[in-house]
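Novice: For reference, the chains in residue letters:
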Amino acid sequence: MSKNIQQMVRLDRREALKAAGAGVLALGFATTAHATPEAAAEALSKVSGGAAASMSDKVTISLPEIAENGATVPVGVSVDSPMTADSYVKHIHVFAEGNPSPETISFNLTPTGKAEVNTRIRLSKTQNVLVAVVMNDGSVLTNKKEVKVTIGGCGG
Amino acid sequence: MNFKTITAAVAVLGAGLALSACNGANSTAAVDQVPNPYGDKVWSGYQTARAGVRAMQDDDFENPGMPVYDAAEELYNAADGEAGVSCADCHGAVDDATGGRKGIPMKGVAATYPAYDVEDHKPINVELRINKCRTKYQKAKPFKYESDAMLGMTGLIAKQSRGMPRMTTADSKGDVLNPFWKTGEAFYYQRRGQLDMACSHCHEDNAGNMVRAETLSQGQSNGFPTYRLKWQKPGSLHRRFRGCNKNIRAQPYGYGSDEYLALETYLAWRGRGLPVEGPSVRK
Amino acid sequence: MAKKPRVKLPKKAKAGDMIQVKTLASHNMETGNRKDKKGNKIPRLILNKFACTFKGAEVFSADMHPSVSANPYISFFITAKESGTYEFTWTDDNGKVTTVSNDMAVS
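Protein chains in written order, with this note's numbering: chain C, 1 to 156; chain R, 1 to 283; chain Y, 1 to 107.
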């Protein structure tokens, strides 16, 4: 390969990295290590207070299959619960297994309305979003969903 | 073979490979096309945005840029500059269709700009028009082009024309904007930058196709200013021009530069018939 | 936070109505991981707490971390019970509190 083409290819790669970096840099995650599922599990056990956590389809996570942009990913959690003083959702914790720190947001609810929350979070890469729901009686329900986070072809 | 030819060859080959590689991979490439009064099929980036992004644009409340535009309405009503007048003093309330004291409403502005500036003998867009009013009539300091104040104000003004079709006659030979339309057209088809590509390569030849994970739009301007998720804040059309130019490794022009004004004039024509969507949300 | 946060809460409701409250704050949510042009880390500054109170009692709150997107959007549900003023507060890392109050009349 001639020197000029080598240069071109090297610059193209740098360009691609720059575009990738620019996309991720906006999140500020470019230079830090990423969390692991273990870190997320540990964070979960902290909030569950030692209670056994069980996967439950009473917890519904709405997340796009492919995130338009990792910087703003709409996420919704809905829990099948009567939300009365006897039985209600106390906390909804959202963990991102692949982010630098797994904690993203925790909601604290009271017996009113329904257990449905929506927000937007930053996801640094394709990963599982893990949700832990703590009920008023201390029981913990969980669920998780994978989100693909891509880098678009064009930045700017 | 000299360097330029090799570069061009590799660039075109590379671009061609990249563009064809993901072509059939994603079904969202199929787009609804909006017929425009002039017969060509034009469509806005809204059509290829995914449901989540569209939802953010459809609900004013969910539009993450809204607080910026709300703050601009306060600026609009506040007296500023040595003359101590506010925008509202001359133009009435921002949503006053009669245009207040001077009879110049904000409604319709975003649908028909860029306009021809008789003083400077060149196109003027909303941003530059705001600054002209500020310096000439309010005797106030101009806003910085990409400042929150300017973005808020242009978003607020775009909102007044929401749904109105973009209209321009700049393509007709007798129109006073025609020379600039021609310059903008030449810019659009001119190859530039290290990747030696023109706007048309992506936005005309390959609109609707995928480039990696992104569906190429027609590069329309009807949604600006837009809250781009990537920018995490609203941004102007010229900011997007600069980004596009930097992507193909071309030297970007300045905000409010003559080159971009001409391009903006041309793009307004390419998007004729599309509804003003501002302020929009894009990925 | 220069701009006032937006809150969507109906002005009127009937007792027992299921109401979706939407809130949108205007804030960069600086994570503390970004570097400026000179290579220095831009310090973290985020809104870390959101709370909704009614007649002095907390109805709903959220603890936010840097992974919450810029211009934080939070929505939740309440059951309309009695008329009164809802107070919405956002607190940043420096302890600065921004408050928005909205009334809702329940018939």
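If you are wondering where the hints come from, they were derived from the structure by calculation, not from laboratory data.
There's no promise every hint is true.
EDC-like cross-link-like pairs, simulated, lysine to aspartate or glutamate; straight-line CA separation at most 16 angstroms [unchecked claim]:
id: 1; chain 1: C; residue 1: Lys90; chain 2: Y; residue 2: Glu58
id: 2; chain 1: C; residue 1: Lys144; chain 2: C; residue 2: Asp57
id: 3; chain 1: Y; residue 1: Lys8; chain 2: R; residue 2: Asp60
id: 4; chain 1: Y; residue 1: Lys22; chain 2: R; residue 2: Asp59
id: 5; chain 1: C; residue 1: Lys148; chain 2: R; residue 2: Glu82
id: 6; chain 1: Y; residue 1: Lys55; chain 2: Y; residue 2: Asp93
id: 7; chain 1: Y; residue 1: Lys8; chain 2: R; residue 2: Asp59
id: 8; chain 1: R; residue 1: Lys233; chain 2: Y; residue 2: Asp103
id: 9; chain 1: R; residue 1: Lys141; chain 2: R; residue 2: Glu82
id: 10; chain 1: Y; residue 1: Lys22; chain 2: R; residue 2: Glu214
id: 11; chain 1: Y; residue 1: Lys22; chain 2: Y; residue 2: Asp103
Please read all numbers here as calculations on a predicted model, not as lab measurements.
Novice: Taking the hints in turn, state whether each one holds.
Specialist: Now for the hints, and whether the structure bears them out:
1. C:Lys90 - Y:Glu58: It holds: about 12 angstroms lies between the C-alpha atoms, which stays within 16 angstroms.
2. C:Lys144 - C:Asp57: Holds. Lys144 of chain C to Asp57 of chain C sits at ~10 angstroms (cutoff 16 angstroms).
3. Y:Lys8 - R:Asp60: 11 angstroms, holds
4. Y:Lys22 - R:Asp59: 11 angstroms, holds
5. C:Lys148 - R:Glu82: Measuring from Cα to Cα gives roughly 54 angstroms; hence the hint is violated.
6. Y:Lys55 - Y:Asp93: Measuring from Cα to Cα gives roughly 26 angstroms; hence the hint is violated.
7. Y:Lys8 - R:Asp59: This hinted pair holds, its Cα atoms lying about 11 angstroms apart.
8. R:Lys233 - Y:Asp103: The hint is violated at about 30 angstroms.
9. R:Lys141 - R:Glu82: 10 angstroms, holds
10. Y:Lys22 - R:Glu214: Not OK: Lys22 of chain Y and Glu214 of chain R at ~30 angstroms, beyond 16 angstroms, violated.
11. Y:Lys22 - Y:Asp103: Holds - the C-alpha atoms of Asp103 of chain Y and Lys22 of chain Y are around 14 angstroms apart, at most 16 angstroms.
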